[in-house]
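K.L.:
Each chain is listed here by its residues.
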Amino acid sequence: MKIGIVCPYSWDVPGGVQFHIRDLAEHLIALGHQVSVLAPADDETPLPPYVVSAGRAVPVPYNGSVARLNFGFLSAARVRRWLHDGTFDVIHIHEPASPSLGLLSCWAAQGPIVATFHTSNPRSRAMIAAYPILQPALEKISARIAVSEYARRTLVEHLGGDAVVIPNGVDVDFFARAEPKAEWQGGTIGFIGRIDEPRKGLPVLMKALPRILAERPGTRLLVAGRGDEEEAVESLPAEMREQVVFLGMVSDEDKARLLRSVDVYVAPNTGGESFGIILVEAMSAGAPVLASDLDAFAQVLDQGGAGELFANEDANALADSAVRLLGDAGRREELRERGSKHVRRFDWSTVGADILSVYETVTTGAAAVATDERSGLRARFGLARD
Amino acid sequence: MTSTLIWIAVFLIAVGLYLSWTAGRLDRLHARIDAARAALDAQLLRRASVAQELATSGVLDPAASIVLYEAAHAARQAEEDHREVAESELSQALRAVFGEAGQMEAVRAAPGGPDAAEELAQAVRRVPMARRFHNDAVRAARALRRHRTVRWFRLAGHAPFPLAFEMDDEPPVALADRPTT
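Chains as they are written, first to last, in numbering that gives the first Met the number 0: chain A, 0 to 385; chain B, 0 to 180.
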């Protein structure tokens, strides 16, 4: 099958959606499909052979932060050329509602279009204003995928219609086979995420840490992620600060080894998560998981069956659960086992097969993808090319 | 005077373009429904065929075979207005027959069984998918057709008002959970 995938965010900037697309593309190529990914990228960045650059993304303020987006004539022309040259059987657009390549390709294409909605933003005023503009583009999508039941619910509320739920994929064996590192073992708690982003919840964990250390002295907290390390430990008493080890940005291999080594992985995120891939990675590596009870997290952890949940933003509840888990090797073993079993449904072999099922369902009885000439004025007067 | 005429002409052309664009949108939605309906038909047919194959294979006990055969046959032969009921009954029959994991194990153990089991698992998972995509297209088309402009100018022409396909498509528990190997 010839598959075109559209990535809305810069290929050079690491991010969840980009990694998902990279893994999906590589999984599909390994199965023998022809895949081309259209992504914003600087023209100088080295790209994998299956990625086509759609030009540089421009930083613009959007939705409360600065987003790097693609729009304008040049990008639109590149999208059309890519669609025209690719002769895809199906195109798979990620984040079609973001004002970037996703929306542009939706405008420019016709035929079987699959779209994945990753984020579950609360309904914004911009979205309401943009609705009449978005609707004609979004109604071309033949199949919608939401990454979690929670994301599906927001999608249905905001845009109407329905979607199938297919979770994000993880290469479970990569994490399961990683070698634990001795210096990260023995009474350790793991945290991976941006240090300076309060949403990721490190401040909650810092608030809980004194109680954890009081009950279980010698416990170490391993923090992997970018951000200001001084500022992060500011709230801690000086003698406790050395129990926190900052590892900085870690490679994929080190991330897997870290998750293999820790006794408890803590995800204290306070909101804005639609899936929680890190929990899946932690479970793949066999780490007992303790996470805040966000909707998305509860779903990934099978409502508490595959990992423990604590009340969101409640540092005391976090400390209680962490102390209990650190002192109960039996419970940790049980969580390890349940997590490893539960996580198989997020493996690429399962997720990839589901996504392929969607492709095959929408291509049955439909023509291939082409550029949509109907939206052009010339086409209406019969002047369009080919 | 001339400028008024020009403005009227410009206005009329703009309205015409808008109407033509909306008609194009509607046309595309109808095409999408047709494709989604064809896909749904294909998946339903595939499911009924696999069910019938399994029913006649002799792997299942006679009672289960008859129940499954009956339901699969009815689903394939159903008239358009009984289709939803017949397909729902096939879902129920599948749930009754493959309700426990043991039955699936028996099918997998038979010669050629793993393929049949895989095909059935795929079919019962794809039917709900195809149905969701179909009903999503129907909803979008209905939303647009309820629009004033579309009604006043009869942009939908003689195309029938699209109907959602409602059925019970809950897969059997033993097949719903993905392979754990």
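If you're looking for bench data, these hints aren't it; they were derived computationally from the structure. No residue lacks a Cβ here, since even glycine has one placed at the ideal position from N, Cα and C. Some hints here could point you the wrong way.
As the list claims (entries may be wrong) - If we take Cβ atoms under 7 Å as the criterion, some of the chain B residues that face chain A in the derived model are:
(1) 22
(2) 69
(3) 73
(4) 128
(5) 139
K.L.:
Checking each numbered hint in turn, tell me which of them this model violates, lowest number first.
P.N.:
The structure breaks hints 1, 2, 3; every other hint is satisfied.
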